[in-house]
Amino acid sequence: MIKIENLQKHFGPKHILNGVNLEIKDGEVTTIIGGSGTGKSTLIKCIIRLLEPDGGKILFEGKDITHLNNEFELAKLRKNFGYLFQEGALFDSLTVGENVTFGLKYLTDTPKSEYAKIAKEKLALVGLKDIENLRPSELSGGMKKRVSLARVLATNPKVILYDEPTSGLDPIMSEIISQLILDLKKKLGVTSIVITHDMKSAFEISDTLAMLYEGKVQLAASKEEFKRTQNPYVKQFIEGSANGPIQMKISN
Amino acid sequence: MFKKTGKFLIFFFTQFGQATEMIKEAFFWFIKTPLEVNQTLQQIVKIGVESVPVILMTGLFVGMVLALQAGNTMQNILSEPLYIGLLVSFSLVRELGPVLTAFVISGRAGAAVTAEIGTMKVTEQIDALSTLGTNAIRYLVIPRLIAFTISIPILTIFADIMGIFGGFIVSVEGLGVPSSTYTNDITTYLGVDDLIHGLIKATVFAFTIGVICCYKGLNTRGGAEGVGKATTGAVVVSMVMILVIDYFLTAILHAFGV
Chain A
1 MIKIENLQKH FGPKHILNGV NLEIKDGEVT TIIGGSGTGK STLIKCIIRL LEPDGGKILF
61 EGKDITHLNN EFELAKLRKN FGYLFQEGAL FDSLTVGENV TFGLKYLTDT PKSEYAKIAK
121 EKLALVGLKD IENLRPSELS GGMKKRVSLA RVLATNPKVI LYDEPTSGLD PIMSEIISQL
181 ILDLKKKLGV TSIVITHDMK SAFEISDTLA MLYEGKVQLA ASKEEFKRTQ NPYVKQFIEG
241 SANGPIQMKI SN
Chain B
1 MFKKTGKFLI FFFTQFGQAT EMIKEAFFWF IKTPLEVNQT LQQIVKIGVE SVPVILMTGL
61 FVGMVLALQA GNTMQNILSE PLYIGLLVSF SLVRELGPVL TAFVISGRAG AAVTAEIGTM
121 KVTEQIDALS TLGTNAIRYL VIPRLIAFTI SIPILTIFAD IMGIFGGFIV SVEGLGVPSS
181 TYTNDITTYL GVDDLIHGLI KATVFAFTIG VICCYKGLNT RGGAEGVGKA TTGAVVVSMV
241 MILVIDYFLT AILHAFGV
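Residue numbers (the numbering used here), protein chains in the order written: chain A, 1 to 252; chain B, 1 to 258.
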């Protein structure tokens, strides 16, 4: 469904993505792991074209979207995607209900009269009810993420990009979010790309895992292969060891 | 010294270029897509309607102090408080009305606009707008630019009226000028071209404040500290630009006989 070939992205002199190759299969959950600052968010922002890559190729359903620049074409492309932001990125000035249905106006032809019904339905899908009139500031961290997920689901995307969906949540809420990702895959057949540091969640939800390090994919494989791998980078990351080829600088 | 000046010039022209690009994009989306009517009306209320009390107060006291200064000066020079209506109305309508209104609005509403957009930027709400089929220019910038450009000229008229009224109170009650003298000064000398002069300035200031405050908000970086810096920067740059533009615009308008 999505093919990434030799993708490059740099910010000033800093090369964040330095030749990423990855294939995302239809209907699967692909999890991208890697340390902080390894370019995981940059990669998914390139996929949804919030960022324009400096080199390489991104193919979506066979179409090259790497340098798509026309805003209307980009909007058309983004109809296929949903993006769950790390902190939810709910609009503070709108109610929960208005947040959930926000994309319907721009991405679909849904009549306004159906917005309330859709908001209720999508919130129920993420296990929430009767909160349409609350403001985002009145919600807990876990609720914000779930409302944000309901907003993503409202436009029925083919692909959902999750940016650290379980970070900052307690273990129970993390498990609920992981279960939701699996449920959505089973019920709706959506393709998911998940960025996470949470290895427990990664092994639970993934069909394929990919590890980014120094701007490249070190290994992309099934979770069974990931568990068995002797790749020293991947091994060190999974085990969470301070000793190994991945050296983190600690400044005083 | 040369290095610092060079760096400043590069920084200034980069920002100027990016702000111009933002204006170009705003025109593109304004023409190509339907206006966000609700957003625009909400911004007119926030920027314009909610600023009415502070503008009325500002106008009133500026008019009062102008009358007091003019009256005392005329008393000293001519032994009579002459031409107060003329001095108050001319100063207000052509100069102080638009400048002070723009100052007050840039401090009150401009700062709020930068802080709001800046917070949206650092919390990824701006990116969220793009993933949901719209964008910051269309959803945030255009409604705010329109709201500033409509509100400030109207608020300037309010400030002018209140200032002239404040001058009237001080002249008549404080300095003993006959009310007919004060009003005659205004009706005889103040023309429509003076009002147009003031309103052209107010409109240009309004658009400038809108562009600077939206641009600073959209280019916010670095969390809460970044929002603070962007907000302060927006207000300072707006105020300085108002004064710079005021000088050149006055010269241009004079050249065209307005």
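If you are wondering where the hints come from, they were derived from the structure by calculation, not from laboratory data. Here the structure is a predicted model, which means the values were calculated and not measured. Certain hints may be false.
To be verified - Just a few of them, taken from the derived set where beta-carbon distance is under 8 Å, the chain A residues facing chain B: (1) Glu87; (2) Tyr106; (3) Tyr213.
As the list claims (entries may be wrong) - Mimicking DSSO-like on lysine-lysine, the simulated pairs with C-alpha atoms at most 27 Å apart in a straight line are: (4) Lys185/A / Lys76/A; (5) Lys63/A / Lys4/B; (6) Lys216/A / Lys200/A; (7) Lys105/A / Lys32/B; (8) Lys105/A / Lys24/B; (9) Lys229/B / Lys76/A; (10) Lys32/B / Lys14/A; (11) Lys112/A / Lys24/B; (12) Lys79/A / Lys32/B.
What the hints assert, rightly or not - Distance windows between CB atoms, simulated: (13) Glu73/A / Thr187/B: 44 to 52 Å; (14) Thr14/B / Glu73/A: 23 to 31 Å; (15) Glu21/B / Glu73/A: 36 to 44 Å; (16) Leu68/A / Gly17/B: 19 to 27 Å; (17) Asp92/A / Phe61/B: 45 to 53 Å; (18) Gly228/B / Asp170/A: 30 to 38 Å.
Ideal placement from N, C-alpha and C gives every residue a C-beta, glycine not left out.
Checked hints:
The interface hint given for Glu87/A holds, since its Cβ lies 6 Å from the closest Cβ of chain B, which is under the 8 Å cut-off. Because the smallest distance between the Cβ of Tyr106/A and any Cβ of chain B comes to about 3 Å, under 8 Å, the interface hint for this residue holds. Against a cut-off of 8 Å between C-beta atoms, the interface hint on Tyr213/A is violated, since the closest Cβ of chain B lies about 24 Å away. Distance check on the hinted pair: Lys185/A and Lys76/A sit about 23 Å apart at the alpha-carbon level, within 27 Å; holds.
Among the hinted pairs, Lys63/A with Lys4/B is inconsistent with the structure: their alpha-carbon atoms are about 47 Å apart, more than 27 Å. Straight-line distance between C-alpha atoms of Lys216/A and Lys200/A comes to about 23 Å, which keeps the hinted pair within the 27 Å bound. About 16 Å separates the Cα atoms of Lys105/A and Lys32/B, which keeps this hinted pair within 27 Å; it holds. A hinted pair counts as satisfied when its Cα atoms are at most 27 Å apart, and Lys105/A with Lys24/B qualifies at roughly 25 Å.
A threshold of 27 Å between alpha carbons decides the hint, and for Lys229/B with Lys76/A the separation of about 36 Å lies outside it, so the pair is violated. Of the supplied pair hints, the one linking Lys32/B and Lys14/A is violated, its CA atoms being roughly 37 Å apart against a limit of 27 Å. The hinted pair formed by Lys112/A and Lys24/B fails the criterion: a straight-line CA distance of about 31 Å is larger than 27 Å. With a C-alpha separation of about 19 Å, the suggested pairing of Lys79/A with Lys32/B holds against the 27 Å cut-off.
Taken as a hint, the range 44 to 52 Å is violated for the pair Glu73/A and Thr187/B, whose Cβ atoms sit roughly 60 Å apart. Checked against the hint of 23 to 31 Å, the pair Thr14/B and Glu73/A passes, with Cβ atoms roughly 28 Å apart. For the hinted restraint 36 to 44 Å between Glu21/B and Glu73/A, the CB-CB distance of approximately 20 Å leaves it violated. Between Leu68/A and Gly17/B the CB atoms are about 24 Å apart, so this pair conforms to the stated range of 19 to 27 Å.
Between Asp92/A and Phe61/B, the C-beta spacing of about 35 Å breaks the proposed range 45 to 53 Å. For the hinted restraint 30 to 38 Å between Gly228/B and Asp170/A, the CB-CB distance of approximately 31 Å keeps it satisfied.
Checked against the numbered hints above, the structure breaks hints 3, 5, 9, 10, 11, 13, 15, 17 and satisfies the rest.
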